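Using the hints, position chain B against chain A.
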Amino acid sequence: MKRRVLVTGLGSFWGGRVAQALEADPNVETIVGLDTTEPTVELERTEYVRVDANYSILSRIVKATQVDTIVHTFLVVDPTQMSSRAMHEINVIGTMNLFAAASAAGSTVRSVVVKSATLVYGCAPEDPTWFTEEMTSSRRLSSPVERSLDAVEGYVRDFAEDNPHVSVSLLRFANVIGQEIVTPLTRALELPVVPSLFGFDPRFQFVHEDDVIRAILFVLNNNLAGVYNVAGDGLLPWTEVASICGKRTIPMSPIATGAFLWPWKRLGLIDLPDEYLALLRYGRGADNSRLKHAGFHYEYTSAQAVQAFIEAVRLRQAVGDHRPIYRYENDVEQFFRHSPAVVRDQAPAT
Amino acid sequence: MAPRQPANRADGSRSSAPTRQPTKATKAPPRRTTTTRTPVQPRKGGELVHLPTAAPPAEAPKPEVRLSDVDEWGRSEHMRSFVRKAYDPVYRYWFRAEWDGLDKIPTEGGALLVANHAGAIPSDAPVIMHGIETELGRPVYGLADNFFRKAPVVGTLWSRAGGVAAHPDNAYRLLREQKQLVLVFPEGTKGPSKTYNERYRLRRFGRGGFVEIAMRAGVPIIPIAVVGAEESMPILMRLPSVAKALGIPYVPVTANMLAFGPLGALAYFPAKFKLRVLDPVHFDVEPNKERYSRSKIMDESEAIRERIQAALFEMLRERQSVWFG
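As they're listed, the protein sequences go chains A and B.
Under numbering that gives the first Met the number 0, think of the first position of the first sequence as 0, with each following residue one higher.
Under numbering that gives the first Met the number 0, think of the first position of the second sequence as 0, with each following residue one higher.
Chain A on its own, in the form it takes in the complex:
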């Protein structure tokens, strides 16, 4: 049976890329993408629906499109992008509405993939070197993004418990890095000198953005239910991350770091929220063996992911952004999808 997939957060980095990858899969019949903003990548057959941030019309969409698979990528993990209130609205309320729609009577949903982050493990001195999927944070989670992802995971667990016929997979991604994604860490690594905390050189773990997409497709295609860490092999000291990028680190005061960083934040140069400052102090490792045992193969180790990132940065610095800029034009997209003038089912031109 061919799949009908709903992708949340189509306008976000992940949603767009997941939809692109799904379009290439002949076993996927229909892709419906939701977001508050328009897609930023070119899509051929994905149907884009504009919704409000917390998905109040979702149950109608689910019923109307009869989707059997939901890929929930619309989760904010970068707190520098919005206020914590907006983040709460998207992460917690959005997920709540999504699962309410998915578990409504007569729902056709049979598998759900949620993209969470290893942020839910927190970051504290009491932590083990490697977090496995059963472990929880050593301390009470303190930052808004960690707490909101934790709440999201609570809804995921409840949904999985209430709907045993649905295959629910929860993927926790380590720090994502790669050719395109922008996160607080990539911004820090693009600075002329990389900020660090004086006297601390914790070990970081990265996962390449391609491996993120591949992992989402992998759990979809194999119907893997359960919680999985998705993280590249190996832990790198922060100084080594910087030196792979060909940079030096500049130590910041480990006490009152927030006050020290305030002017830099105001200048828009360094924006490292609390959970990243904790990471610069203690680091975090997530054990990726469960997904590997399920048969997943990582293309990049942590170090290789950083290497791929810095190579892309160098290319961008040399030639600018060489990829064509895409802008979503509703009329054009509608024409190609629905106009009788367009000849579909052509043999693919190679």
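Treat the hints as calculated values from the structure; they're not laboratory data.
Everything numeric in this text was worked out from a predicted model, so none of it was measured.
A portion of the hints provided could be inaccurate.
[Claimed, not checked] Straight-line C-alpha distance at most 27 Å; calculated DSS-like pairs for lysine-lysine:
1) A:LYS291 x B:LYS149
2) B:LYS61 x A:LYS246
3) A:LYS264 x A:LYS246
4) B:LYS189 x A:LYS62
5) A:LYS246 x B:LYS288
6) B:LYS178 x A:LYS291
Frame of chain A; chain B shown alone:
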């Protein structure tokens, strides 16, 4: 096969070594069949982004790009060998460490080394680690309170030199999966924080967590009795209120501080070190169990504590001089 080449290149996979790709492909053409690329086919030409496939990549793996030798625990063999070089004179000529029964420590396979702990800044940990690494040529990971992770500079150096935060999961991985030697002081900070008048009297061995880990990992426990550390930096009194204010486990006033002034915070007395490795303890329980009988754990823990204590008393009976052994 040939027409597929440019198409593969166009999807942006592997841009790091474009010159080597054709030779790789000609060497192993059967692996580039379409079946290995299912279930997700790359989209046809003109991609905006690289479309990853869910299948394992057919190309040779990328070269690893590590620039340092820091392992997942933070230990760096480079740093360790530097420390060994710097510490060797201290070990050899200051403490004149002398081992008895070093052959009881296995040269391969995991084992949990358990010792008594003493001295305001414990001198036993570096002596044991240095001794085993130089004599047996295998690394020793020293478990310690996670206080070290909070301490700037010191914590990083400690970690590079083979220190690991004492978490049951860390110990299990080191022992079971990586078959390493792990050193632990079950007394915790209660050992080194005791004052000189209580020297060589072992504190409680925690809650027996070390026994449980060894049982779960299926490795033997090797007890080590250390004489000399107590006298190398004896504590005269503790300053609990200062410790509380600084947020560290204890703040000692040592005899070294009285003797050497401020330098005494770091300088040891040249006490003679004697270390005795006792017979390994094997547990006849199944490894990897969820939990073990609490009473068995406590009995084993207490038995090991008593054996180390007995060995210490015996070594002290034989000792003629604190400084010359």
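Taking the hints in turn, this is what the structure says about them:
At roughly 32 Å between alpha-carbon atoms, LYS291 of chain A and LYS149 of chain B are farther apart than 27 Å, so this suggested pair is violated. Of the pairs offered as hints, the one joining LYS61 of chain B and LYS246 of chain A holds, with about 22 Å between alpha carbons and a cut-off of 27 Å not exceeded. A threshold of 27 Å between alpha carbons decides the hint, and for LYS264 of chain A with LYS246 of chain A the separation of about 21 Å falls inside it, so the pair holds. Restraint check for LYS189 of chain B and LYS62 of chain A: the C-alpha separation of about 64 Å exceeds 27 Å, so the hint is violated.
Pair hint LYS246 of chain A plus LYS288 of chain B does not hold up; C-alpha atoms about 46 Å apart against a cutoff of 27 Å. Of the supplied pair hints, the one linking LYS178 of chain B and LYS291 of chain A holds, its CA atoms being roughly 21 Å apart against a limit of 27 Å.
Hint violations for this structure: numbers 1, 4 and 5, all remaining hints satisfied.
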